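Number of protein chains: 2
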Amino acid sequence: MKRPKDQLKAHIRAQNQTLILETSERVFARQGLAKTTTQMIADEAGLPKANIHYYYRSKKDLLEAVLERILRLWLDSVSEFNVEEGPKHNLTRYISEKIDQSRINKNASKIFAMALIGEETFVLDYLRNLFVTELSREKATIQIWVDKGLMASVPTEHLFISIWAMTQTYADFDAQVKIMLQKDQLVEDDYEEAKQFITRMVLAGCQVMEVEV
Amino acid sequence: MKRPKDQLKAHIRAQNQTLILETSERVFARQGLAKTTTQMIADEAGLPKANIHYYYRSKKDLLEAVLERILRLWLDSVSEFNVEEGPKHNLTRYISEKIDQSRINKNASKIFAMALIGEETFVLDYLRNLFVTELSREKATIQIWVDKGLMASVPTEHLFISIWAMTQTYADFDAQVKIMLQKDQLVEDDYEEAKQFITRMVLAGCQVMEVEV
DNA sequence: GTCTATACAAAGATAGAC
DNA sequence: GTCTATCTTTGTATAGAC
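First to last, the protein sequences are chains E and C.
Reading the first sequence from the start, the letters are residues 1 to 213 in UniProt numbering.
Reading the second sequence from the start, the letters are residues 1 to 213 in UniProt numbering.
Quick caveat, the hints were computed from the structure, so don't treat them as lab data.
Note that this is a predicted model, so its numbers are computed, not measured.
Certain hints may be false.
Each pair may be met inside one copy or between any two copies, as identical chains are not told apart.
What the hints assert, rightly or not - Here are the simulated DSS-like cross-link-like pairs (lysine-lysine), alpha carbons at most 27 Å apart as the crow flies:
{"no.": "1", "residue 1": "Lys139", "residue 2": "Lys183"}
{"no.": "2", "residue 1": "Lys60", "residue 2": "Lys178"}
{"no.": "3", "residue 1": "Lys178", "residue 2": "Lys106"}
{"no.": "4", "residue 1": "Lys195", "residue 2": "Lys139"}
{"no.": "5", "residue 1": "Lys60", "residue 2": "Lys88"}
{"no.": "6", "residue 1": "Lys139", "residue 2": "Lys178"}
{"no.": "7", "residue 1": "Lys106", "residue 2": "Lys59"}
{"no.": "8", "residue 1": "Lys106", "residue 2": "Lys9"}
{"no.": "9", "residue 1": "Lys9", "residue 2": "Lys178"}
{"no.": "10", "residue 1": "Lys148", "residue 2": "Lys35"}
{"no.": "11", "residue 1": "Lys9", "residue 2": "Lys183"}
{"no.": "12", "residue 1": "Lys148", "residue 2": "Lys59"}
{"no.": "13", "residue 1": "Lys183", "residue 2": "Lys106"}
{"no.": "14", "residue 1": "Lys9", "residue 2": "Lys59"}
{"no.": "15", "residue 1": "Lys183", "residue 2": "Lys88"}
{"no.": "16", "residue 1": "Lys88", "residue 2": "Lys9"}
{"no.": "17", "residue 1": "Lys139", "residue 2": "Lys88"}
{"no.": "18", "residue 1": "Lys60", "residue 2": "Lys139"}
{"no.": "19", "residue 1": "Lys88", "residue 2": "Lys195"}
{"no.": "20", "residue 1": "Lys49", "residue 2": "Lys9"}
{"no.": "21", "residue 1": "Lys195", "residue 2": "Lys9"}
{"no.": "22", "residue 1": "Lys35", "residue 2": "Lys49"}
{"no.": "23", "residue 1": "Lys139", "residue 2": "Lys9"}
Full structure from sequences and hints, please.
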């Protein structure tokens, strides 16, 4: 049975962990994974460095906790395909949600990209699991649409690779995008233009029927 | 007037610099920019660490030399648009060349991506220059095609952002691509499929006329 | 031009007092 | 649970002999 004192402790623990994770996310995204020091995180969180190591034994542990948090959040923010609604609605929504993710959670996206480019085992393992479960279902759904004549047959894997690449680039390489668009900051309209153009290419490339289903 | 001795020294210098740069490119790509130590580079090049610092005063200098080498090489490996040939040929060739770049010079692409995601001043400055000179010309060429009715009017900046994102992802995030395709290594056929699919989306999205010009 | 030895700084991590 | 002080390792960079 939990006593009040334990509850207080648990509360403090949860609060500090959240503070550390949120701060880490910012610092990791800003500085890069390897350049980030536990000292920087401690300073920005307003805690002594030893506290960081009290909650997360090593920097690696901390990074993995940050990644886990990001990935859980991510899965929730993108809808699954709904076969009845047909390819047009689903692909349009999917692209829209991925772009929103880039805008709203840019740091998360950057950290994920950094971990992926650095081939962090943690992220690779996660992806392997995800693809076995998720992608095979999306692939089956697309096949149904193809069979119904609602869209052309496409290499599903390359389709997803392309959509992810196009949408994430607005978060991961936003510095490049800003230079291209000659802007100091990206605004909502920029993301909307991106959505429209990407959607247009995907729908046209997959020869998605214009008709409603 | 150069004496033989000076020529010998110059030769040794050039040879060592090339060795160091090529080795650095491999190690930077494998380990990440920040994780790479001058010691690793020295070991892999078979030189004492002090020699690295003799040729490149600091790690930052070395990284910039590596980046400069990569960027020079890159510019040469992609053709400019040729207005007479029309959009179909040009876009198809452009995508093909970019994918080839990903395959043949994967390390260079990764280092570039790492530097970009880390917002290295050196790379951002380079891009700024490039866009002022190159992109404005490509943009003008596309406008000519649009005026001639050879393709639809598209947001040029987003078009290039998308093409770069899709083609580079096969180099930068090849770990992810491998998982998606369930392969240990990407082979030429994988890159060919990517080329075809990306080209298909771009041409369809831009409503490029099928007719020859 | 090469390389050993070393200076110096900074990072990750922990011990131990409070 | 908090935090100061400290240990250990490792990195960048250079001095100085050859």
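* Asked: Going through the earlier hints one by one, which of them does the structure break, listed in rising order?
  -> 5, 8, 9, 10, 11, 12, 15, 16, 18, 21, 23
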